[in-house]
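Trainee: Now for the letters of each chain:
4 protein chains.
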Amino acid sequence: MSDLEELRKAIVKFTQERDWDQFHNGKDLALALSIEAAELNEAFLWKEVSEVNLEKVKEELADVFNYAILIADKYDLDIRQIVLDKIKRNAEKYPVEKAYGNAKKYNEL
Amino acid sequence: MSDLEELRKAIVKFTQERDWDQFHNGKDLALALSIEAAELNEAFLWKEVSEVNLEKVKEELADVFNYAILIADKYDLDIRQIVLDKIKRNAEKYPVEKAYGNAKKYNEL
Amino acid sequence: MSDLEELRKAIVKFTQERDWDQFHNGKDLALALSIEAAELNEAFLWKEVSEVNLEKVKEELADVFNYAILIADKYDLDIRQIVLDKIKRNAEKYPVEKAYGNAKKYNEL
Amino acid sequence: MSDLEELRKAIVKFTQERDWDQFHNGKDLALALSIEAAELNEAFLWKEVSEVNLEKVKEELADVFNYAILIADKYDLDIRQIVLDKIKRNAEKYPVEKAYGNAKKYNEL
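Residue numbers (the working numbering), protein chains in the order written: chain A, 80 to 188; chain B, 80 to 188; chain C, 80 to 188; chain D, 80 to 188.
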């Protein structure tokens with residue numbers, strides 16, 4: 080079994096044991112994901128990047144994956160496939176010769 | 080090779096080809112993640128959950144995974160392990176007998 | 080004194096008394112604002128809109144205003160002016176005859 | 080008329096002219112606020128704070144105020160009062176003698 084499938088199964092099992100599917104519509108799952116992303120950002124707030132609290136990064140990043148995987152499950156999306164597809168589209172959008180090493184262009188190509 | 084390792088390698092390769100590592104400190108990666116999470120939420124804004132734009136969900140969820148994987152890579156975190164660890168801690172925090180099927184308690188256990 | 084000016088003065092005084100200006104660069108202030116916005120959203124998570132916790136809305140909305148006012152202060156922006164300017168631009172972008180009462184178009188005009 | 084009341088009236092008028100009240104439930108307004116906060120953060124992404132795009136800050140901060148004021152209007156909250164109340168509570172939570180000028184404590188008092 081792939082590791083993404085292993086994680087999906089573990090998360091879905093956790094959710095079903097608690098009968099939480101009923102709350103897990105796509106809109107609230109996306110909202111929960113962005114709340115966890117904000118908590119991850121809190122690990123960096125008012126700090127130099129070197130001062131980050133790594134334990135908090137681990138915890139909050141795990142929560143981000145948790146909800147991202149639940150959203151993929153909700154809409155029957157193949158995580159591996161959508162990520163590889165997006166890399167392909169990004170490669171067209173940001174060709175190496177235009178995007179290489181330029182901070183200013185990175186955002187505005 | 081595991082799915083997650085395959086995705087990590089593809090994303091890191093994409094980044095290195097463009098020499099974008101220099102911009103990818105943990106703090107900005109976390110910021111980028113939460114911006115993508117907001118764009119995912121935009122797919123649901125002012126809408127019933129059934130009206131969601133599924134193409135946008137796919138695109139933005141892929142971006143969320145992209146940055147989440149880059150953060151894990153930046154801090155040498157084993158995604159499979161941190162997610163399984165978090166499920167374990169959540170199982171202690173939300174025991175089935177207390178958490179089962181109760182919307183009100185879901186948030187305030 | 081206008082009420083926005085009264086609030087700005089009270090918030091700046093609070094910050095200066097604690098010597099927190101040193102942490103309040105624009106980037107971290109914007110980050111703090113989006114973390115407070117996420118906490119405001121938490122008041123609605125997994126809930127029907129009618130079930131919202133109004134005390135939490137008050138608290139988190141106050142925090143949102145707090146950081147938004149600090150950002151305006153940091154960049155010497157006249158809040159009244161930038162908001163009125165934006166309404167004007169939005170009125171051009173969303174003319175009444177095209178935007179009137181159409182949920183689908185609301186997002187895609 | 081106070082500044083805040085002037086802005087509230089202008090925003091509510093804009094909304095009513097387009098018959099957009101029907102979309103403006105508290106949950107979606109809070110979601111819209113956090114999407115605008117993310118767009119504000121985008122003005123700082125991958126950049127030193129000094130490189131910020133000030134025009135984008137103005138635009139997105141105005142959008143943040145727009146939704147924050149609509150939420151206050153939705154729940155009949157007196158913005159001046161909730162902000163002053165919060166400053167008072169924060170003054171108790173972060174007494175000057177403990178909070179003064181300490182980055183580490185700023186977050187963990």
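Don't read these hints as lab results, they were simulated from the structure.
Check before you lean on any hint, since a few could be wrong.
Which copy is meant is left open, because identical chains are indistinguishable; a pair holds if it fits in one copy or across any two.
Capping the alpha-carbon separation at 30 Å, the derived lysine-lysine pairs in BS3-like fashion look like this [to be verified]:
| no. | residue 1 | residue 2 |
| --- | --- | --- |
| 1 | Lys-177 | Lys-167 |
| 2 | Lys-177 | Lys-92 |
| 3 | Lys-88 | Lys-167 |
| 4 | Lys-92 | Lys-167 |
| 5 | Lys-172 | Lys-126 |
| 6 | Lys-88 | Lys-135 |
| 7 | Lys-92 | Lys-172 |
| 8 | Lys-172 | Lys-135 |
| 9 | Lys-126 | Lys-88 |
| 10 | Lys-177 | Lys-137 |
Bear in mind that the values here come from a model prediction, so they are computed numbers and not experimental data.
Trainee: Compare the structure with each hint and give your call.
Mentor: Verification of the hints:
Taking the closest pair of Cα atoms, Lys-177 and Lys-167 come within 30 Å of each other only inside a single copy of the chain (16 Å); across copies the shortest separation is 37 Å, beyond that limit. Taking identical chains as interchangeable, the C-alpha atoms of Lys-177 and Lys-92 lie at most 30 Å apart only when they sit on different chains, with a minimum of 17 Å there against 46 Å within one chain. For a Cα distance limit of 30 Å, the shortest separation of Lys-88 from Lys-167 qualifies both inside one copy, at 28 Å, and across copies, at 14 Å. In this assembly of identical chains, the alpha carbons of Lys-92 and Lys-167 lie at most 30 Å apart only when taken from different copies (12 Å versus 33 Å within one copy).
Within a single copy, Lys-172 and Lys-126 get their C-alpha atoms only as close as 33 Å, which misses the 30 Å cut-off; across copies the closest is 21 Å, which meets it. Taking the shortest Cα distances, Lys-88 and Lys-135 sit within 30 Å of each other both inside one copy (25 Å) and across copies (25 Å). In this assembly of identical chains, the alpha carbons of Lys-92 and Lys-172 lie at most 30 Å apart only when taken from different copies (16 Å versus 38 Å within one copy). Taking CA atoms no more than 30 Å apart as the test, Lys-172 paired with Lys-135 passes between copies only; the shortest distance there is 17 Å, against 34 Å inside one copy.
In this assembly of identical chains, Lys-126 and Lys-88 lie within 30 Å of each other by CA distance solely across copies; the values are 26 Å between and 37 Å within a copy. Taking identical chains as interchangeable, the C-alpha atoms of Lys-177 and Lys-137 lie at most 30 Å apart only when they sit on different chains, with a minimum of 26 Å there against 34 Å within one chain.
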